[in-house]
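Got chain R; can you put chain B on it based on the hints?
There are 2 protein chains.
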Amino acid sequence: MREMRRKDKEIGMDDAINFLTEHEYGVLSTVGTDGQPYGVPLNYAYKDNCIYFHCALTGHKIDNIVNNPKVSFCAVGDTKVLPSEFSTNYVSAVAFGVASEIQGTERYNALVLLLEKFSPDFLEEGKKYIKKLDKATKVIKIEIQHISGKKAPAKS
Amino acid sequence: MREMRRKDKEIGMDDAINFLTEHEYGVLSTVGTDGQPYGVPLNYAYKDNCIYFHCALTGHKIDNIVNNPKVSFCAVGDTKVLPSEFSTNYVSAVAFGVASEIQGTERYNALVLLLEKFSPDFLEEGKKYIKKLDKATKVIKIEIQHISGKKAPAKS
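Heads up: the sequence lines are chains R and B, in that order. Taking the working numbering, the leading residue of the first sequence gets 1, the next gets one more, and so forth. Taking the working numbering, the leading residue of the second sequence gets 1, the next gets one more, and so forth.
By construction, these hints were calculated from the structure, which means they are not laboratory data. Source: prediction; values computed, not measured. Do not take every clue at face value.
Said to hold, decoys possible - When the alpha-carbon atoms are kept at most 30 Å apart in a straight line, the in silico DSBU-like pairs for lysine-lysine are as follows:
hint	chain 1	residue 1	chain 2	residue 2
1	B	LYS141	B	LYS131
2	R	LYS9	B	LYS117
3	B	LYS80	R	LYS135
4	B	LYS80	B	LYS135
Bound conformation, chain R alone (with noise of 0.2 Å):
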């Protein structure tokens, strides 16, 4: 994996996941048959170098994904423009990874994680919904190969 160009604004691998924990979207970009990318924004949640996302069964990303399981994740926050100084503040985790489908018990922990994530409050009720949604869901887990993480303004 090619080293960053402005090795002044790179934070440590444990910021860049510890980012990736937190932040609530990013943007999967995925590549198909005739070499166009494709990058398109969910919801995911982070454990143990994995992301995981779930979908519809069928799709622009799922096709892509099994004709390509290259993937690549995007997560940006805190975002600034800065008018005067012609920049922007930004923290930034760039994954690279090789991403899957995940089947019963692996399938079943990420929704629960993705659960306990963005509906801590709700446990119950949403393992309920993760129930009565099987058959509709598909759970995709991405195997990170690579990750790095930016911050601006750079560290002094």
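For chain B alone, coordinates are given in the frame of chain R:
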């Protein structure tokens, strides 16, 4: 270009363009020679069916674009997690297009467009800044071939 699966969440092209015009940053998705997608956040400006951004002379996204100019651009805003509904409100626009480096007057006009968007109160200083960084910056144009937008909650 494929149709949106969730037609109920689709917004019109004008609304998608208005959102893209107003929003401050998005994620550019490109793909490398090895088929690895890469999503990276950036500030941009929209005008007349094109997205403009500037970047350093070298880097991952430039290498990818030179290899394969097909790109996707995704902007997301107004996100709000709805814990009790196991859902999220958001607005998003996804554009597909072809990226190329621009030069001369077209390049200068794109930099001024970015300046007018992000630093409207600092136009004169910004024009000096453009001159100063002239040789350190590439300017990329994405000619949009397809754009779509989504909004949740869905229209009733």
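Worksheet item: When you check the alpha-carbon spacing of LYS9(R) and LYS117(B), does it fall within 30 Å?
Response: holds (24 Å)
Worksheet item: Is LYS141(B) close enough to LYS131(B), meaning Cα to Cα at most 30 Å?
Response: holds (19 Å)
Discussion item. Checking one constraint from the list: CA of LYS80(B) to CA of LYS135(B), max 30 Å. Satisfied?
Written reply: violated (41 Å)
Worksheet item: LYS80(B) and LYS135(R): Cα distance at most 30 Å?
Response: Holds, at roughly 26 Å.
Hint compliance for this structure: hint 4 alone is broken.
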